[in-house]
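Based on the sequences and whatever the hints tell you, model everything.
Just so you know, the protein sequences line up as chains A and B, in that order. For the first sequence, our numbering begins at 395 and goes up steadily by one. For the second sequence, our numbering begins at 1397 and goes up steadily by one.
Derived from the structure by calculation, the hints contain no laboratory data. Hints are not guaranteed to be accurate.
Here are some chain B residues pointing at chain A (derived, C-beta under 10 Å) [said to hold, decoys possible]: (1) GLY1428; (2) THR1481; (3) GLU1496; (4) ILE1500; (5) ALA1506; (6) SER1536; (7) SER1795; (8) LEU1796.
Ranges between beta-carbon positions, derived for each pair [stated by the list, open to error]: (9) A:LEU729 x B:VAL1451: 53 to 63 Å; (10) B:ARG1504 x A:LEU525: 45 to 55 Å; (11) A:ILE718 x B:ASP1554: 56 to 66 Å; (12) B:GLN1484 x A:VAL426: 42 to 52 Å; (13) B:ARG1504 x A:ASP709: 52 to 62 Å; (14) A:ILE732 x B:GLY1616: 51 to 61 Å; (15) A:ASN682 x B:CYS1409: 36 to 46 Å; (16) B:LYS1573 x A:ASN682: 26 to 36 Å; (17) A:GLY626 x B:GLU1843: 38 to 48 Å; (18) A:VAL557 x B:SER1470: 57 to 67 Å.
The model shown is predicted, which means the values in this text are computed figures rather than measured ones. Glycine residues also receive a C-beta, built at the ideal position from the N, C-alpha and C atoms.
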Amino acid sequence: MGNQEAVKPKKRLSNSNLLFLIAGVIFVLMYVAAIFIYPESFLQFQTFFDLFNNNAPLIIMTLGLCIVMIGGGIDISIGSVCGLVTMVCAVLLESGIGSVLGAWSVLGAILLAIVTGLAFGLLHGYLVAYLKIQPFIITLAGLFLANGLMTTIHKDPINVNNVYFKSLMEPLKHPDLGTVNRHNVFIPFEIKQGVIIALVLVGLLVVLMKWTRFGRNVYAVGGNSQSALMLGINVKRTVFFTYVICGLTAGIAGFVWLLSTGGANVGNAAGFEIKAIASAIIGGTLLNGGVGNLLGSPIGVVTLGTINEVIRVADIPSNFQTIISGLMLYLFIVLQSIVMSLRSGRKFRIDLPPWLKPPWLRNRKKEESQEMKK
Amino acid sequence: MQSEKIIEMEGICKSFPGVKALSNVDFALRKGEIHALMGENGAGKSTLIKVITGVYEKDAGRIVIDEKPIHFKSPQEAQNSGIGTVYQEITLCPNLTVAENMFIGRGRNAFVQWKEMNAKAAKLLSSLGIPASPTQELSSCSLAVQQMIAIARAVDMDCKVLILDEPTSSLDEDEVKKLFELMRELKARGVGIIFITHFIDQVYEISDRITVLRNGELIGEYAVSELPQIELIAKMMGKTLDDVTKIRKHEPVTSKASIPVFESKALSSAAGVRPFNFTIQKGEVNGFAGLLGSGRSESARAIFAADKVTGGEVKIKGKRVKIKTPLHAMKQGIGYLPEDRKGDGIIDELSVRDNIILALQVMKGFFKPFSRKQAECFSDEFIKSLKIKTPSVNTPISSLSGGNQQKVILARWLLTNPGYLILDEPTRGIDVGTKVEIQKLVIKLAEGGMSLTFISSEIDEMLRTCSRLIVMKDREIVGELAGMNVTEHDVMHAIAQGGER
Chain A
395 MGNQEAVKPK KRLSNSNLLF LIAGVIFVLM YVAAIFIYPE SFLQFQTFFD LFNNNAPLII
455 MTLGLCIVMI GGGIDISIGS VCGLVTMVCA VLLESGIGSV LGAWSVLGAI LLAIVTGLAF
515 GLLHGYLVAY LKIQPFIITL AGLFLANGLM TTIHKDPINV NNVYFKSLME PLKHPDLGTV
575 NRHNVFIPFE IKQGVIIALV LVGLLVVLMK WTRFGRNVYA VGGNSQSALM LGINVKRTVF
635 FTYVICGLTA GIAGFVWLLS TGGANVGNAA GFEIKAIASA IIGGTLLNGG VGNLLGSPIG
695 VVTLGTINEV IRVADIPSNF QTIISGLMLY LFIVLQSIVM SLRSGRKFRI DLPPWLKPPW
755 LRNRKKEESQ EMKK
Chain B
1397 MQSEKIIEME GICKSFPGVK ALSNVDFALR KGEIHALMGE NGAGKSTLIK VITGVYEKDA
1457 GRIVIDEKPI HFKSPQEAQN SGIGTVYQEI TLCPNLTVAE NMFIGRGRNA FVQWKEMNAK
1517 AAKLLSSLGI PASPTQELSS CSLAVQQMIA IARAVDMDCK VLILDEPTSS LDEDEVKKLF
1577 ELMRELKARG VGIIFITHFI DQVYEISDRI TVLRNGELIG EYAVSELPQI ELIAKMMGKT
1637 LDDVTKIRKH EPVTSKASIP VFESKALSSA AGVRPFNFTI QKGEVNGFAG LLGSGRSESA
1697 RAIFAADKVT GGEVKIKGKR VKIKTPLHAM KQGIGYLPED RKGDGIIDEL SVRDNIILAL
1757 QVMKGFFKPF SRKQAECFSD EFIKSLKIKT PSVNTPISSL SGGNQQKVIL ARWLLTNPGY
1817 LILDEPTRGI DVGTKVEIQK LVIKLAEGGM SLTFISSEID EMLRTCSRLI VMKDREIVGE
1877 LAGMNVTEHD VMHAIAQGGE R
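Here you go:
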C-alpha cells in the first residue's frame, strides 16, 4: 500500500511556538535598537535587570492569565486581587498579630496571600466552569469585589516596618559587579527576591503546561472544547483549575508586590489586569484560546517594560507611554492575525466595508470574481 | 460465507415528543463488512447511530454486541466497549499535534511521555498508511488526513465497530480515495464499519451491504450486488402515495413570450452549488428535485442570497438587478421559507404575532414599528385563512406544533406579498393533514398569480404540486422534467442517469 514513501511532512513550527518566536525576536530587535539610540542607559546591565525587578509581580500575574487564556477564558480580576493581597498582607504584618507572631508573621502573610488568591480562583473557576457563566462578567464582578474589599480593609497607605519582612525585602547584591549610571554614580548589581520567585514560577508552570496531562488538556480545551469533550477530557475540571491557578498567581503576585515596594495603598496594581492581558498577547497568547507559550509571558512583560523605559529615557511625557503601548498592541494583534491567516493557507486581504473602498479596489474585486467563474 | 455478527439490533423504537423517530428497526453488522446506512433526511439514520453509541436511550428493543446484551448510557461507555465513532465534523483539537490528538484523554498518567507517545503514534500512522508526522500540528494536515487521524484514534482504542457518519462530505476525490483505502484495510482486519453518506456512487464503490431506512422504519437490508441504483433511490424515496385527496395540478405555463418573473444565469454561491441557469414564469410552480445533498436547498439559498453569491447574473421581470443579501431579495419581492425551521425560521421567544410580522417589519425598517392593533389585525387574518391552531396571537411560537409553526412562517412571507416565493421543505415533520393543506395552498397561490418554487424530499408531493421539475444531482442540474405525465420513475431515472453522465 505504499505507506513508506507517503510520510514526509514539512517540518513546521506550531502556532504557539511561532508566535512566541516572533515575540522574542521583536523584543531583541527593540532592545538592540534601544542600545544604539540610548547607549548610556541601555548598555548598562542593570537596566536590563531592572526590567525584571520592576515587573516581577506583572510577570507572575501574566503567567496565570496566560493559562486561563490558553484554556479559552479570560480573568480581569487579577489586578484587583493582587492589590487586595498587598493590602491584607501589609495589614497583617503591621497589626498586633504580626508583632505577636514575630518571624512567623512573614509566613502568615505568605499563607494569607495564597489563600486570598486561591479563594478568588476557586470562586471564579466554579462559576465559569460549572455554572457556565461568561468569564468576562464573572471576573469583572471579582474585580469589583476585590477592589471594594481592599478599600474597606484599609484606606490609607501602609508602610511595612516589620523587621523580619524588611530583612526579606533586601535585594541580592554584589558589591563588585555593577554599573555606573548616567549621573556617574556607581550602582551595584542587584536582583530583587521577587524576580527569583517569578523565574521559579515560570519554570514550574512551563513544565506544567508542556509535560503534564493537565497542561495538554488546557490546550485541547482552548483549541476546541467540544472536541476535547469528545476526546474524553474532563472539560469542566480543566477550566476550573485554570482559574484556580490564575487566582493563585495573582495572590503570589500581590505578595511579591509588597516584597518589592514595602508598602500597600489602594492604588496598588490598579489597571494591571489590562497590562497583563497586553503582555500575554504580545507574548504570543491568542485571545481565542489554544495557542500560547508560557515563556512568552515574561517576554511580553519586558517588551512593554522596554517601551516604557525608552519613553522615560527619551524624556517624553509619561502619558505617551500609554498611547504608545496602545499602538503597539494594535500592531501586535494585526501582525498576529496576518501571520495566522497566512499560515492557514488563506490569502491575506485587507477587507474594507464597501462604502470605504476606493474605486480601484472595487474593480479588482470584480475581476477576481469573474476569474473564479472561469 | 456467513460471518459472525458483531452488532445485532432488534425492534428498536425511539420517539421524541410528537415524532416517532424509529419504529421497530432491526439492524445487524457483521465482522469485516462495510455496511451502508441509507435514507433521506429524517429517515432515522442518525437516531439509530445515536442509539447504538448511547447518546440516546432506546424506548424499546434489544441491542446485542458480541452476543452480550448491552445498554450504553454515554458515548464514553460505548467507546470503552469498542465502538468508535467518527463524526461529520472533525472532533479533534486543531492546535495539538497529531500524536496528542490520538492519545489525549486516554491515559491516566499525570505526565506526558512525549517520546513514547510520538513513537507509538508513528507506528500506528505508518501501519495505517496515513501521511502525517506525529509531531505535526493537526491544523497543518488536510481535512482528509485529519479525518483519518480521527479514525486511527478509534482504531487504536481496539474498536470492533467503526461508525463513520458522513465522513466524505468535506473531502475531495483524492481524499475520498485515501479514506476508502483505509476503510478496506480495516475491513481486512475484521472491523465492522457502518458507513453513512449521501453519495450513492460511494456506497456502490465501497459497501458490501445496504440497510435502507425511511421515516423511521426499516425498508430492508440488501447485498449491494443485488440492488441496482435505481431501486435504491426508489426505496429511499418511497413510492407509497398518500391516499389523500388528489390535488389537481394545472397545466404548465408555456407562454414563452412573457417575461420570466425571475431569471438567473450561471448563478453560483459560496455553498458550493455549480453555476446554474434558472427561470420561473408568473403563476408557475416548479421545484428542485433530487436527493438530500444534491444541491436543492443550496440553489434556493443562492436565489435568495442566503449564502454568499459568488457569481452570475439575475433578472427580475426582465430587469437586471443585484441581489447580495436576503434583504435585497425581499425588496425585489422574493420570499424564502427555509428548510431548517428551527434554526433559520422561527424565533422561539417571540409570539405568533411578532413572528408573523417579522419579515414585513424588516422590509419597512425597524424604526417605523407597526402599531399593536395593525399587527394583530394582520395576524388574525392569517390565523383564520391558514387555520393556524393557536390559543392567541400572543402565544410564544415555540408552544405550537410543527405544522402550525410552519404555517406561521408561511404567513410571515405571505404578508409581504411576494411575487416569487421559495418553499424549502415546507412539509417536513408535519402531519399529513397539514401537508395536504400546504400543498393546496401552493396551488391556490399560483392560481392567484404568484410564482413558487417548491422543494420537498417526498417526490410525490412535488409531482402533485409542481408543473416543472428541475432535477439535481451532486450540486448540479442534470435534467428537467415538465408536463402532466411525469412519474416518480421518470424522476428517479433522471437522477440515476445524471450520475453516469
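Here's how the hints hold up against the structure:
no. : hint                             : verdict
1   : GLY1428                          : violated (18 Å)
2   : THR1481                          : holds (9 Å)
3   : GLU1496                          : holds (6 Å)
4   : ILE1500                          : holds (6 Å)
5   : ALA1506                          : holds (6 Å)
6   : SER1536                          : holds (5 Å)
7   : SER1795                          : violated (26 Å)
8   : LEU1796                          : violated (29 Å)
9   : A:LEU729 x B:VAL1451: 53 to 63 Å : violated (43 Å)
10  : B:ARG1504 x A:LEU525: 45 to 55 Å : violated (28 Å)
11  : A:ILE718 x B:ASP1554: 56 to 66 Å : holds (58 Å)
12  : B:GLN1484 x A:VAL426: 42 to 52 Å : holds (51 Å)
13  : B:ARG1504 x A:ASP709: 52 to 62 Å : holds (60 Å)
14  : A:ILE732 x B:GLY1616: 51 to 61 Å : holds (56 Å)
15  : A:ASN682 x B:CYS1409: 36 to 46 Å : holds (43 Å)
16  : B:LYS1573 x A:ASN682: 26 to 36 Å : holds (34 Å)
17  : A:GLY626 x B:GLU1843: 38 to 48 Å : violated (59 Å)
18  : A:VAL557 x B:SER1470: 57 to 67 Å : holds (60 Å)
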